[in-house]
Amino acid sequence: MLGKTAGGLFWMFRYLERSENTARLVEAGFRMALTRGGDPADEWASVIDTAGARAAYLARYDAFEGGSVVDLLLRDREYSSSVLSSIETARSNARLVRTALTREVWEATNEAWMTIKAILQRPVREQDMTHVLGLIRQQSALVRGALHGSMLRNDGYDFARIGTFLERADNTARILDVKYYVLLPSLAQIGSSLDNMQWESVLRSVAGQRAYRWITGGEIAPMGVAEFVILDGRMPRSLAFSVMKLADNLSFLENEYGARHASQERAEALRAKLRDNSIDTIFEQGLHEFLVDFLADIAALGAQIEQDYRFTG
Amino acid sequence: MSDNARFFDEMSGGAGGPRQPYADYQRWFEGEDIANLRRKSDEAETFFRRTGITFNVYGAAEATERLIPFDIVPRILSGREWSRLARGIEQRVRAINAFLHDIYHRQEILRSGRVPKEIIAQNVAFLPQMIGMTPPGGVYTHIVGTDLVRTGEDEFYVLEDNARTPSGVSYMLENRETMLQMFPELFTRIRVRPVSDYPTRLRRSLAASAPAACNGKPVVAVLTPGIHNSAYFEHSFLADQMGAELVEGSDLRVVDGRIAMRTTQGYQPIDVLYRRVDDDFLDPLIFNPQSMLGVPGIFDIYRAGGITIANAPGTGICDDKAIYSYMPDIVEFYTGEKAILKNVPTWRCSEPEALKHVLDNLAELVVKEVHGSGGYGMLVGPAASKKELAAFRAKLEARPGNYIAQPTLALSTVPILTKAGLAPRHVDLRPYVLVSPDRIDIVPGGLTRVALKAGSLVVNSSQGGGTKDTWVLEE
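Top line first, the protein sequences correspond to chains A and B. Just so we're aligned: the first sequence equals residues 209 to 521 in this note's numbering. Just so we're aligned: the second sequence equals residues 1411 to 1885 in this note's numbering.
Don't read these hints as lab results, they were simulated from the structure. Quick reminder that beta carbons are idealized off the backbone N, C-alpha and C, glycines included.
Not everything, but these chain B residues come out facing chain A in the computed CB check (under 10 Å):
{"#": "1", "residue": "R1459"}
{"#": "2", "residue": "R1460"}
{"#": "3", "residue": "G1462"}
{"#": "4", "residue": "G1636"}
{"#": "5", "residue": "Y1642"}
{"#": "6", "residue": "A1649"}
{"#": "7", "residue": "G1653"}
{"#": "8", "residue": "A1654"}
{"#": "9", "residue": "E1655"}
{"#": "10", "residue": "V1657"}
{"#": "11", "residue": "E1658"}
{"#": "12", "residue": "D1661"}
{"#": "13", "residue": "R1663"}
{"#": "14", "residue": "M1671"}
{"#": "15", "residue": "T1673"}
{"#": "16", "residue": "Q1675"}
Listed below are the simulated SDA-like cross-link pairs for lysine to any residue, each with C-alpha atoms no more than 25 Å apart in a straight line:
{"#": "17", "chain 1": "A", "residue 1": "K325", "chain 2": "B", "residue 2": "P1479"}
{"#": "18", "chain 1": "B", "residue 1": "K1450", "chain 2": "A", "residue 2": "R311"}
{"#": "19", "chain 1": "B", "residue 1": "K1627", "chain 2": "A", "residue 2": "N362"}
Derived CB-CB ranges, DEER-like:
{"#": "20", "chain 1": "A", "residue 1": "T520", "chain 2": "B", "residue 2": "G1874", "range": "37 to 43 Å"}
{"#": "21", "chain 1": "A", "residue 1": "Q346", "chain 2": "B", "residue 2": "G1874", "range": "33 to 39 Å"}
{"#": "22", "chain 1": "A", "residue 1": "N362", "chain 2": "B", "residue 2": "T1610", "range": "19 to 25 Å"}
{"#": "23", "chain 1": "A", "residue 1": "R268", "chain 2": "B", "residue 2": "G1667", "range": "53 to 59 Å"}
{"#": "24", "chain 1": "A", "residue 1": "N362", "chain 2": "B", "residue 2": "R1460", "range": "23 to 29 Å"}
{"#": "25", "chain 1": "B", "residue 1": "E1884", "chain 2": "A", "residue 2": "Q346", "range": "41 to 47 Å"}
{"#": "26", "chain 1": "B", "residue 1": "G1865", "chain 2": "A", "residue 2": "N362", "range": "52 to 58 Å"}
Make a model of the complete structure from these sequences and hints.
In structure tokens form, the structure reads like this:
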């Protein structure tokens, strides 16, 4: 497989994952703004921070306000991580690697692009929000389904998965980092409805509220939420799960190519770090510090993969 | 005079009843509801959009992707009509390859005086770098598109030869795919020769021309200028269907005397490069030094037998319309036979007498640039305004050698489906010809292009033309 093609698959699936995660983030913010009394500006500001979009937002708007936040994150073409920009980048990468995709994956991607472009042509009205966000999630599920159902399990599939989980690990870590203070037991007023809401918002952003309730029998505790989203290998958007998948897919590449690379060492080290850690030690050493380190590790891993598999010259 | 009387309609034959090749189709059509067919026709557009069969348009404000309109009424040829065409095309393509070999070697045809020396000397597509070089397997034109038009029951003409990089074959394949999905019952009822194995045949044909340096199964790759090229969809489609890598210049470099592509596991040599990049951009060391699309050093590797380039550089001389006018002589010179397919009578404006005739009859003629393609820079006399005619006359007088002229042909029509039902529109046909060292292989059918505007004779997609599925019936 061409290095360029491997890179195209990697980025195609990173951007698809990003568009879905951004939609989830908006969904969580939207819900918080609806269900929480008082000024929702703080909540929207935190959504913008989670997306890493503060500078882009403040270059366009003065105050944090739902309509503008949603507009930037969903449909601003000038902002490269908006849902619309992400799906466009994903689709142009798909065109670039058309020969490495089954017809089903290509058509699902092309259709996702056409559908999302059409519904985001105009600002999304409040009454349409649920529908629009649902449609975005559904479109990305269709691409994923086509990938699982039709692609050969070879290096191309591995690069698609690596892109997906690198992006997911990054996004989940960011969501946690923006909210880390509400997860700290020292600051939490246990049982206050405000914090319950905040924790639930974290869970919602990673589509984990239902699973968490089942696992814990309905009790929401800050450390439990952190443990679930960081260390639980059963939770498909957790850091542990994402890193496990990264390491797995890199080892599939090792089997196929018969060569081991530095990126694999990095992924294994990261996997061991998560496996050997408990939530208590993470909190002792500082949740924020842990997450900052993790994000740096993920970025370094991405750069190493790019180099090991010759994505560019 | 009505259009129906002036132009040969391939469905009705002008006599009201369907011509034999269309008989079964007509019977089926009469049992269909027009509104329902219109709906199907809209579905076809959705199908094309979904599959991303688009072409990029240059010069549009935003880089847009457009569809080439597709008409659901097939263009049908009988098996007998096809076998005669196929024989004629094979003869012509054989002659073109012999001609190219001769031009780049002993130039016997120039010495004999059958083709004037100047016409090669002035030909911008002639590459002195190819002199004395024989491509692997002796094949110059691995893929040829022979554009044909029809004016009557047995009247076929070659309009032009595309020996450089003929495009459009992906539409031939997708049009058939679309028809199969929309009208499966038609294919049960009417036996149409398949075209879907074209990519397999293309791969086989390219692999058969592998260079001496190839050891083992030939590695084939398609070279594209990139995602923004107007034909990118076709490049990726063909690579995908052949199971070949789609590469850009930036993926390639010279490694150990071979052209190699950068893979996830290091550099791997390529044996056959089906390039969709023009000669001029192929190698910045030899041709256009500004080119970012090619591979520095590829030409030296080529000359040393390290890679096959398909089509060979320098084949574009045959696309030249001045060369075209000599094609009957060229066929006779190399095959010893009369040309089976006719040429359109052509006046070379470089010759004073011909120029006078052209200027005197400008309003009746079609005038084309010698090196032009895609329907650009051409004059259709009968459709031109007084002002356009005057402007063109000035251009002709300034550079007569740049033009040839032909009579305005009464191109045949095939019906398209309009809101009001069937309506005749002018068509042409581009069959695709594969040349390998051991044989010439022609897929039964090709791309039928159709002028969608009533009365228009210009079928080019860049000028608002559409396409049809082309059926060759089993005999």
